[in-house]
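> The primary structure of each chain is shown beneath.
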Amino acid sequence: MTSPLQRIAPYLQVAPLTLVLLIFFGVPLLVVLAVSFFDYDEFDIYPAFQLTNYLELWSPTSLNLYLQTITYALVTWALTLAIGFTVAYFLVFHVRSFIWQMALFLLCTVPFWTSNIIRMISWIPVLGRNGIVNQSLIAMGLAERPLEFLLFSDVAVVIAYVHLFTLFMIVPIFNSMARIDRSLIEAAVDGGASAWRVIWEVIIPLSKTGIALGSIFVLTLVMGDFFVVKIMSGGQSASVVLALSNEIAVLQYPPAAASAVILLIIVTLMVAAILRIVDVRKELAG
Amino acid sequence: MENSVAKKRAGTSRRKISRRKFLKGTGAAAGLAAGAVTGFPTIWAQNIKDITLLQVGGSYSSIIDIAREATKDLGFKIEMQNLASDALVNRIATQPESLDIADIEYWMQTKLAPRGVLQGIDLKRFKYWDKVVPIFTKGEYPDGRKVSDQGTLPYEVQYLEAQDGTAFAKGPTDWASGIPTVFNADTLGMRPDIITRPIENWKELLNPEFKGKTAIIDVPAIGVMDAALAIESRGDIKYGDKGNMTKEEIDKTIAILIDAKKSGQFRAFWTTFDESVNLMASGEVVIQSMWSPAVTAVRARNIPCYYTPLKEGYRAWASNSAPMRHLTGLKLDAAYEYLNWHQSGWQGGFIAKQGYYSSVPETAKQFMSEDEWNYWYEGKPAKSEIKDPYGSHMENAGHVRDGGSFWERMGNVACWNTVMDENRYMVQKWNEFISA
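Residue numbers (the numbering used here), protein chains in the order written: chain A, 1 to 286; chain U, 1001 to 1436.
Only chain U is shown next, with the shape it has when bound in the complex:
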């Protein structure tokens, strides 16, 4: 019976439902049978199986499991490669022909779109645009409040004037610069077993109470924003735009950081995910910039770690996918097919279990159990054990997600990951800080 419902929803009778996929969808939750049917593939060209699309992106979003699942559903091949952010921008800017789908953070659009290496996406060919969270489509929360535009608010770079546009449109058009995929809100991680009092402000990162036990991320563009959030929270500087500092603001920020470093405030500066996990787990550091899955990784070692919601808000980031300019014909059709598949739910369900949000939560929900959805998106206590996408233990029953529900977390964004106009100057000053 559910099968026929599913067929009706998909609006096609010729699709095949593999037993596995069918079970997974129906098993997810009653009444969510639509999840069993993604409606793919929709292209039936003879030579589609010869198509291979290479997606290059960050390790947190270009995940091989997603490529495998897409390949299985779509009938053509998706391959993935990972690069760290600098290398990623370089590769896409200087060797655009060497990949097909760019999986990039929104701030990278400001560097890449003007180079004309990506191509705009015809939103009429993207099925889920009306279901994408309004942060991306309108720059607003569902209640109409504006989202903070400090840093690169995705909305500011979301629309192009035309398919081959190299400038961003002021408001919505039919051409998207990229399809939003994964996003999240970052904050400070801490050890609640060592810091027993509540931590409520970013300024605690610079609090001498934690001297020699704090760390900050050594990726200049992100580290400087975390530092700015802490400095502003302490009341030293009131920034015009933390995401686009003036030279003077950069100078002051770096001077404060150098003072803090010289007085021994920082234990370390980390650049990779596992460094941040080890610093926290070993007790070298008790409060630091952190990414959501790193907090989980510390907890997986049975060491308490809390991703603490702060009054000033979160530093948010978001990724989007765009086809490269050189794609045409069947390959471009395949790219549209893939982008539609990507937001059709499987990927959203997968990354939700890593603590990330999908730009189309509605479809992701169909690939999560009710308990998982309530835990990750609704901020409700887990009814049973929470597992990661690979089935390993993450949280015990009864645990509540740090920071609460989707809108409690994403509704309080202080600024977005970005690249400043004065980036070169900032990087130079940041290097002075690191070598001071």
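Extracted from the complex, chain A is given alone in its bound form:
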């Protein structure tokens, strides 16, 4: 016999979160969706239902923007995955002492004690025409004149992204690798598997939750960035969100809203694709 209170208790428990999500996420999102169909002039927006804002997105300029942003996201994803996986693998399987493992893991987080912006801007004097890298290359005789593509270029943008976001790969991969039962690896080795085969057939499948979570972090962070692109490309490249923020700056909310809706759909599809390949919830529960 359950009392009425017991029956409604679960609903009461989820109510606060539901309310917060509805008020601070659901409603604003609906407003953005609505505004994306509005008309506008220099200072005001007018309720309307028109597709102009979306149709204007179907232009070579914005397609280029999406292409560029997605390229940044994929290149950054591949590099952070390679680095993140290697670092996590080293920490979990090569560092024997638990104390050292945690110490080194914490070391990975040290750069996060300073702000994102400082970590990014520090690259400018390193990569610049008269920066540390170029001066070293010239001093060592490896380059005759400074390599200009190092700064204010796509290379610089990707370097900054990888530096800023690799930790988001390391942490979840480290977490799922740490939970791999060592006896599985022993069994594989006993069965005659080479080290590469162990990685390929045991470790990767068992850390795919971590890889999936890390990928979601990195992809969404890059897709949503505008500051790194702006600074590291010296204003020479743009991203979807940079264009969007320019529109907001001149009060063009409806096209900015349309752009936000499309970006949201694309990112959601990306995340959905990842979740379809890896059932994160199941693996986390296991």
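What the hints contain is simulated information worked out from the structure, not anything from laboratory work. Do not rely on the hints blindly, as some may be mistaken.
What follows is a set of in silico ranges between Cβ atoms, one per label pair, in the way DEER data are often shown [unchecked claim]:
id, chain 1, residue 1, chain 2, residue 2, range
1, U, Lys-1146, A, Leu-74, 52 to 60 angstroms
2, A, Asn-130, U, Pro-1381, 48 to 56 angstroms
3, A, Val-189, U, Ile-1258, 53 to 61 angstroms
4, U, Lys-1383, A, Pro-125, 46 to 54 angstroms
5, A, Val-75, U, Asn-1302, 37 to 45 angstroms
6, A, Leu-142, U, Asn-1302, 27 to 35 angstroms
7, U, Asn-1047, A, Ser-122, 46 to 54 angstroms
8, U, Ala-1084, A, Thr-86, 52 to 60 angstroms
9, A, Gly-224, U, Ala-1397, 50 to 58 angstroms
Within a straight-line C-alpha distance of at most 25 angstroms, the following computed DMTMM-like cross-link-like pairs (lysine to aspartate or glutamate) qualify [stated by the list, open to error]:
id, chain 1, residue 1, chain 2, residue 2
10, U, Lys-1203, U, Asp-1149
11, U, Lys-1311, U, Asp-1186
12, U, Lys-1111, A, Asp-39
13, U, Lys-1131, U, Asp-1274
14, U, Lys-1247, A, Glu-42
15, U, Lys-1247, A, Asp-39
16, U, Lys-1262, A, Glu-144
17, U, Lys-1211, A, Asp-154
18, U, Lys-1111, A, Asp-41
19, U, Lys-1262, A, Asp-154
20, U, Lys-1252, A, Glu-56
21, U, Lys-1380, U, Asp-1143
22, U, Lys-1111, U, Glu-1161
23, U, Lys-1211, A, Glu-148
24, U, Lys-1131, U, Asp-1174
25, U, Lys-1247, A, Glu-56
26, U, Lys-1203, A, Glu-148
27, U, Lys-1247, A, Asp-44
28, U, Lys-1111, A, Glu-148
29, U, Lys-1131, U, Glu-1097
30, U, Lys-1262, A, Glu-148
31, U, Lys-1261, A, Asp-154
32, U, Lys-1111, A, Glu-186
33, U, Lys-1247, A, Asp-41
34, U, Lys-1211, A, Glu-144
Non-contacting residues of chain A with respect to chain U, defined by C-beta distances greater than 12 angstroms in every case (computed) [claimed, not checked]:
id, residue
35, Leu-81
36, Tyr-89
37, Ala-243
38, Leu-264
Glycine is no exception: its CB is placed at the ideal position from the N, C-alpha and C atoms.
Fit chain U to the given chain A structure using the hints.
Chain U in isolation, oriented as in the chain A frame:
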């Protein structure tokens, strides 16, 4: 003795002169004792001390030190907030009640005055109108020559038909849309240690000789004008009005810029003051659009930088202050009081040391030493070290201001900062250029 002279000039015996202010004024220069007396405060209402005026404007003109000094002199409180130009226009247009004094560039008047968020200023209540430089009051130089009207010439938006007017008057009236405050002439900055030959034309910005070592400001409305000056100087396009391009002119301009970008002409596009300073100081860029204090900031690091006068002339800008429409009664009186104080000299002396000009140079002069005045306004070699408003070193004795005197610089304006009729189209094309 000087005190009594000062009292006489101020025409009042009840004002108090603080020792500090008095010393500052008399110390400035002999015979300039009037500078010691600003004549403020002139309002003696019981509750004036409860008044607070919030001025919102650009970081180059709404400076906290000015607010502090005004508060000290006026007996009511002046507060200041800074916003970048887009955000500033947005704030004033959409939240007009959230501020009291709008400190805006003249081109913003073309967007804001028709919205009826500002109120016209009764020039009979502004003491210094006859002393304001004629660029603003008549659209002329003192010798009667007309000032270039490419872009938003302040004179074109200086007068309103009435206090609540939303359209600009063709000629002088009793109602000003705003009181001109700070202005300057912008040009290209360069590194004379790296570019050893003289730079005399805007076209050098697009010269392949400096490939990968030039930069342009990424604020579309301003960047496109710098680009247009360079393109016109190279002879590619002859603009009808660089400050108000046709769609066709915009298309051609952006096409030329995209070509230049693809061939690697530009090292970067900057949006903030410090970005431009760092680009120049680090040697990433050797010639670029720049603001006057940025050139000084580079030089302060002992790196040579020259704000080069060019044959085609300068791109000028000017700011003005206007009370918001919602001000009435005592608060409006306080606003008039503040606007009068603002041009009474202290502010002019302060901003002069940043390389900007005051719309009433005569009063600013009283708050500058003779050497400072000669250096900043007269274009004469500095007799002693030139310092910034905060007392830090700026230039050594013997240095001459780049571009020379006030009228040599302001007398050669090619165009004014502006917002074009085709602004939306231009911004769209500019974004294509940036993402190309």
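> Run every hint past the structure and note whether it holds.
Okay, the hints, checked on the actual structure:
1. Lys-1146(U) with Leu-74(A): 52 to 60 angstroms: Once the Cβ atoms are compared, 57 angstroms apart, the range 52 to 60 angstroms for Leu-74(A) and Lys-1146(U) holds.
2. Asn-130(A) with Pro-1381(U): 48 to 56 angstroms: About 32 angstroms separates the Cβ atoms of Asn-130(A) and Pro-1381(U), which means 48 to 56 angstroms is violated.
3. Val-189(A) with Ile-1258(U): 53 to 61 angstroms: At roughly 59 angstroms between Cβ atoms, Ile-1258(U) and Val-189(A) fall inside 53 to 61 angstroms, so the hint holds.
4. Lys-1383(U) with Pro-125(A): 46 to 54 angstroms: Check failed, 38 angstroms falls outside 46 to 54 angstroms.
5. Val-75(A) with Asn-1302(U): 37 to 45 angstroms: 40 angstroms, holds
6. Leu-142(A) with Asn-1302(U): 27 to 35 angstroms: 30 angstroms, holds
7. Asn-1047(U) with Ser-122(A): 46 to 54 angstroms: Because 53 angstroms falls inside the window, the suggested range holds.
8. Ala-1084(U) with Thr-86(A): 52 to 60 angstroms: For Ala-1084(U) and Thr-86(A) the Cβ distance comes to about 42 angstroms; the hint is violated.
9. Gly-224(A) with Ala-1397(U): 50 to 58 angstroms: Roughly 53 angstroms apart at Cβ, these two residues keep to the hinted range, so it holds.
10. Lys-1203(U) with Asp-1149(U): 21 angstroms, holds
11. Lys-1311(U) with Asp-1186(U): 13 angstroms, holds
12. Lys-1111(U) with Asp-39(A): 19 angstroms, holds
13. Lys-1131(U) with Asp-1274(U): 35 angstroms, violated
14. Lys-1247(U) with Glu-42(A): 18 angstroms, holds
15. Lys-1247(U) with Asp-39(A): 22 angstroms, holds
16. Lys-1262(U) with Glu-144(A): This hinted pair holds, its Cα atoms lying about 24 angstroms apart.
17. Lys-1211(U) with Asp-154(A): 18 angstroms, holds
18. Lys-1111(U) with Asp-41(A): 12 angstroms, holds
19. Lys-1262(U) with Asp-154(A): 14 angstroms, holds
20. Lys-1252(U) with Glu-56(A): 22 angstroms, holds
21. Lys-1380(U) with Asp-1143(U): 21 angstroms, holds
22. Lys-1111(U) with Glu-1161(U): The given pair, whose Cα atoms are some 17 angstroms apart, holds under the 25 angstroms limit.
23. Lys-1211(U) with Glu-148(A): Holds: Lys-1211(U) and Glu-148(A) sit about 11 angstroms apart, inside 25 angstroms.
24. Lys-1131(U) with Asp-1174(U): Since the Cα atoms of Lys-1131(U) and Asp-1174(U) sit roughly 15 angstroms apart, the hinted pair holds (cutoff 25 angstroms).
25. Lys-1247(U) with Glu-56(A): Holds, because 18 angstroms separates the two Cα atoms, which is no more than 25 angstroms.
26. Lys-1203(U) with Glu-148(A): Distance of about 23 angstroms is within 25 angstroms: holds.
27. Lys-1247(U) with Asp-44(A): Roughly 24 angstroms separates the two Cα atoms, so the pair holds.
28. Lys-1111(U) with Glu-148(A): 42 angstroms, violated
29. Lys-1131(U) with Glu-1097(U): 32 angstroms, violated
30. Lys-1262(U) with Glu-148(A): 15 angstroms, holds
31. Lys-1261(U) with Asp-154(A): 14 angstroms, holds
32. Lys-1111(U) with Glu-186(A): 74 angstroms, violated
33. Lys-1247(U) with Asp-41(A): 18 angstroms, holds
34. Lys-1211(U) with Glu-144(A): Holds: Lys-1211(U) and Glu-144(A) sit about 18 angstroms apart, inside 25 angstroms.
35. Leu-81: Consistent with the label, Leu-81(A) stays out of reach of chain U, its closest Cβ about 27 angstroms off (over 12 angstroms).
36. Tyr-89: 38 angstroms, holds
37. Ala-243: 6 angstroms, violated
38. Leu-264: Since the minimum Cβ distance to chain U is about 21 angstroms, Leu-264(A) lies beyond 12 angstroms and the statement holds.
Violation of the numbered hints given earlier is confined to hints 2, 4, 8, 13, 28, 29, 32, 37; the remaining hints are satisfied by the structure.
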